[in-house]
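Given next are the chains, with one letter for each unit.
4 protein chains.
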Amino acid sequence: MTEEVQALVGKEFRCLDKGFVRLIDVMGDDSAIVQAARVSYGSGTKKVHEDRGLIRYLMRHLHTTPFEMVEFKFHVKLPIFVARQWIRHRTANVNEYSGRYSEMKDEFYVPDADQVRAQSAMNKQGRADEAFDAERAESIRTSMQQTQDMLYGQYQEMLSTDLAREIARINLPVSNYTEWYWKIDLHNLFHFLRLRIDAHAQYEIRVYGEAMAEIAKAAVPLAYEAFEDYILHAQRFSRTELEIIRSTLSTLPPLDELQARGLSAREAREFLDKLQKD
Amino acid sequence: MTEEVQALVGKEFRCLDKGFVRLIDVMGDDSAIVQAARVSYGSGTKKVHEDRGLIRYLMRHLHTTPFEMVEFKFHVKLPIFVARQWIRHRTANVNEYSGRYSEMKDEFYVPDADQVRAQSAMNKQGRADEAFDAERAESIRTSMQQTQDMLYGQYQEMLSTDLAREIARINLPVSNYTEWYWKIDLHNLFHFLRLRIDAHAQYEIRVYGEAMAEIAKAAVPLAYEAFEDYILHAQRFSRTELEIIRSTLSTLPPLDELQARGLSAREAREFLDKLQKD
Amino acid sequence: MTEEVQALVGKEFRCLDKGFVRLIDVMGDDSAIVQAARVSYGSGTKKVHEDRGLIRYLMRHLHTTPFEMVEFKFHVKLPIFVARQWIRHRTANVNEYSGRYSEMKDEFYVPDADQVRAQSAMNKQGRADEAFDAERAESIRTSMQQTQDMLYGQYQEMLSTDLAREIARINLPVSNYTEWYWKIDLHNLFHFLRLRIDAHAQYEIRVYGEAMAEIAKAAVPLAYEAFEDYILHAQRFSRTELEIIRSTLSTLPPLDELQARGLSAREAREFLDKLQKD
Amino acid sequence: MTEEVQALVGKEFRCLDKGFVRLIDVMGDDSAIVQAARVSYGSGTKKVHEDRGLIRYLMRHLHTTPFEMVEFKFHVKLPIFVARQWIRHRTANVNEYSGRYSEMKDEFYVPDADQVRAQSAMNKQGRADEAFDAERAESIRTSMQQTQDMLYGQYQEMLSTDLAREIARINLPVSNYTEWYWKIDLHNLFHFLRLRIDAHAQYEIRVYGEAMAEIAKAAVPLAYEAFEDYILHAQRFSRTELEIIRSTLSTLPPLDELQARGLSAREAREFLDKLQKD
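Chains as they are written, first to last, in our numbering: chain C, 1 to 278; chain Z, 1 to 278; chain D, 1 to 278; chain W, 1 to 278.
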């Protein structure tokens, strides 16, 4: 582990009003990806690619297994409704705080005023780009908080009658914070990030995605750069869209100009191939 | 699909006060397990075992892959806190109702009076064997219901101000009902059942387990019987426990008596082997 | 199951010289995808999309879980070296013929003359586009076959000395045929097909992919069409490639022309968004 | 990582005649299991269990998720037929040497003389307990080696005509060595070991299992001890077997004697519960 990554271990990345992401441990770095890829290619290829080129090649061509050779472990504190979206990523290991064994804590998520927004007009599952006016937002925030206080009071009261914890907690809201250890390989972390730092993801999970993206960027800088270039900021075009692009592009830049604009020699050829009429 | 199973498709098995399990579809039956096992053993073994014996042999010796060849799909309506335990079983396919796309419904779980119980004295994660007295239980039930009504009222009110659904729902409690389609293979269903119809599982998930167990029993009767005999009602003894049993058992019944008591000839020999001093 | 699909069950799709793919069973069809997707969207959305549009929307936006609700089971006979590539797809259920329990059969893959080709000059992992000349190809084929006969003879001879099957088989070549039952959900089948009917996949696994693609096309025609349009014949462009395309495209067709060329109204807007300068 | 584990990293554990297992990296140790378990139980339980007791409790009660928090990465060189058994464990990450990209090496497995044995009379899938006589064994070994030399010669010859590597290799035998990086969490490693260091596993995979068991024992001594006591050397008894044991055991030792014989107070009570008549 480099000193830079070592310095990140245990550091709290604050998320939302009371949550966090902390890196607990990481196995491997960019060189672990290269090491695993090279066992596939055998000794004959050892000098052909340098590391960055190899990692970018693997990412571009969806050779995903070498990225599985890096593993991250995080400690996360998050509202239950975020945990419910997060857990849908099945290829990960999880140990969560249990409301059956232990008392849930008096911590609930209240959105910041600028996140108190109307239903999106465009997007059936999202919120609008603008927040409610300050007063209206504040009144909603206050009301949310009062409800949470009241619910936690009821919870405490039920526990004081010795009602079983596993029953007493059923009226706690999904804004209640929970925590877990979460362990995942880099390939599946990238898949998580791709879906969860996307503009269509709910804001409240996006902030966790962004914190983990920052950590990943420090831990595997070459792989993260490749992920950004070839996955995160890439776009896929359907068969019909490709036909439209092909017929609309009159002339394409020649190979040397493509390279001047940032493609490798190999990518430049691949690029022209993709735009070739079938 | 036999007529008996066909008759189960779509039938609501009521669970808790407002939930259900419905079988949507099933691929394969006992004979699909046998068919898959026989591809491993090749044609030479076709007549050696009859189906029941083969299925029992596979279950007993943890040859689990043939059980993966049967697949079930269920439609389930369940409280969020049950869904959170359930989803920990990762080897399954899930589509859940979304509180971002759609309004959550005015349906909440309230435990029956006989489930309103104290914290267990023995079991840090469970409830006592006896319910609270009727009056105390009823007062807790009434209070829970009032809180749920109040929370749903607040939710509706927030939606009426056009607050985004994905925010408005954050104070809905984990007693709120959700629903999903859940698809799983038989091996993993057995694993789910083993953990979730166990006395240590929370009562509220156990009732769902029991409904699915009833369906599985009808759909794969031989496999279910083997599951009961070799897994569900079996016990594992540690190295030290085995030593104690071995030294405490003075004489074991002879092979013919073991068979008279229900073991097959092969099982009788395996039984004696397991109890042999190392 | 439609009559068309019913007619496919059990039918041998010949693959290579002695292999096959046979559909054993299928759970669900296009409507099962729609059914699962609609549980997510809730009742409010039931009439908004018609089925084809919904399926295409799900595929385009990588909402993959509804596609997991369809399940296929195949019986496959294939050379060991193909089985070794195939098994890398982990999200599937497998029961394979066992060379420990049973004798391996006297069936080996010999490539057709037109597949006897030189190492590709372009592609470190592939073969050239042209076959060797007929005579040279035939001499290689003959030599391969003689070696296989000799190896099977040695195997039989060792078995006749009562050498354990699990040892006797270790010099059988990876061209030896094996068979298995293989069960997979549609989402993961599409992932398999995307990688294995691609021109970079080894020819010998591609023919199996193509057989299963034909079966999938008959069983879930709408999903298969969407898979072809949005995944199989789509292309992804990296961040840099996108910048080049954006700056090279002088003017884009207006919305109505885009629709005339085959995009839906929604896709046309999405298309322009993707090509918008950041 | 302790110094003892650090000293194991990179060390070759020889397996069979030309293979090995090498530990490449490990994330976590016994304390990582405890750390993850305690997030479930919450702060209230921190002092109740000491580490060893907690780990043994988790193992005994199949609370498997904390064991997933430790991750191992191995570099393994192994014959193809062993790789084919190994790869059936799907919950792992793999990068294997590719016979499409690179030339296969001139290394083949030849069993030691004492492993050249007859088919087992008892076990359809295994070999006998005694080796063939020395002369017969040696003659089989020599013949195997000659065949391997001949096959590698043919392979080289085909490559020299520029036949594509992916075709030329199809007559190489499953005794040919390959290598891979293999990464797995501790829970799944224990599952692998349970099946593969068992007497029913093929000898050739068992030696790899034993090498990894030795490494695991050094890296997570408390967890490994619990695995041995509660899983590896434990036995499961079916419903009928339990009834026979219960009726045959006249009297059980009292609690204090059970503890004197090695059970904890809690285990002693659990033991009596398991043997109680239903």
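To be clear, the hints were calculated from the coordinates, so they are not data collected in a lab. Where hints are given, some of them may not hold.
Unchecked claim - 20 Å max Cα-Cα, derived PhoX-like pairs, lysine-lysine:
1. D:105 to W:124
2. Z:105 to Z:18
3. C:11 to C:217
4. C:274 to D:11
5. C:18 to C:105
6. D:124 to D:18
7. D:11 to D:217
8. D:124 to W:124
9. C:124 to Z:105
10. C:105 to Z:124
11. Z:11 to Z:274
12. Z:274 to W:11
13. W:11 to W:217
14. W:105 to W:18
To be verified - Derived Cβ-Cβ restraints for the label pairs, each shown as a range:
15. C:214 to W:124: 55 to 61 Å
16. Z:145 to C:130: 34 to 40 Å
17. W:105 to D:10: 14 to 20 Å
18. D:3 to C:250: 36 to 42 Å
19. C:159 to Z:133: 17 to 23 Å
20. C:64 to W:199: 55 to 61 Å
21. Z:217 to C:239: 54 to 60 Å
22. C:51 to W:199: 25 to 31 Å
23. Z:103 to W:243: 33 to 39 Å
24. W:243 to Z:217: 38 to 44 Å
25. C:124 to Z:145: 28 to 34 Å
26. W:51 to C:64: 34 to 40 Å
To be verified - Derived list of chain Z stretches under chain C, where covered just means 3 residues or more per stretch with a C-beta under 8 Å from a C-beta of chain C:
27. 92-100
28. 110-124
29. 144-150
30. 160-173
31. 252-263
Just so you know, these numbers come straight off a predicted model, no measurement behind them. Ideal placement from N, C-alpha and C gives every residue a C-beta, glycine not left out.
Is the hinted pair residue 274 of chain C and residue 11 of chain D satisfied, with a Cα-Cα distance of at most 20 Å? violated (37 Å)
For the segment 92-100 of chain Z, do at least 3 residues have a Cβ located nearer than 8 Å to some Cβ of chain C? Our answer is that it holds, as 4 residues pass the Cβ test (under 8 Å) against chain C, meeting three.
Holds or violated: residue 11 of chain Z with residue 274 of chain Z, Cα cutoff 20 Å? violated (44 Å)
Honestly, do residue 105 of chain W and residue 10 of chain D meet the 14 to 20 Å range at C-beta? violated (43 Å)
Hinted pair residue 105 of chain W and residue 18 of chain W, Cα distance within 20 Å: holds (12 Å)
Look at the Cβ atoms of residue 124 of chain C and residue 145 of chain Z and judge whether their distance stays inside 28 to 34 Å. Once the Cβ atoms are compared, 31 Å apart, the range 28 to 34 Å for residue 145 of chain Z and residue 124 of chain C holds.
Starting from residue 18 of chain C, check that the Cα of residue 105 of chain C is at most 20 Å away, please. holds (12 Å)
Determine whether the Cβ-Cβ distance between residue 243 of chain W and residue 217 of chain Z falls within the hinted range of 38 to 44 Å. Violated, since residue 243 of chain W and residue 217 of chain Z (Cβ atoms, about 21 Å apart) do not stay within the stated range.
Proposed proximity, residue 124 of chain Z with residue 105 of chain C (alpha carbon, max 20 Å): holds (17 Å)
Does residue 105 of chain Z sit within 20 Å of residue 124 of chain C, going by the straight-line distance between their CA atoms? holds (17 Å)
With 34 to 40 Å as the target window, see if residue 145 of chain Z and residue 130 of chain C comply at their CB atoms. holds (38 Å)
Check the following: the C-beta atoms of residue 3 of chain D and residue 250 of chain C are separated by a distance inside 36 to 42 Å. Taking Cβ atoms as reference, residue 3 of chain D and residue 250 of chain C lie about 50 Å apart, which means the hint is violated.
Hints 4, 6, 8, 11, 12, 17, 18, 20, 21, 22, 23, 24 and 31 from the list above are not met by this structure, while the remaining hints are.
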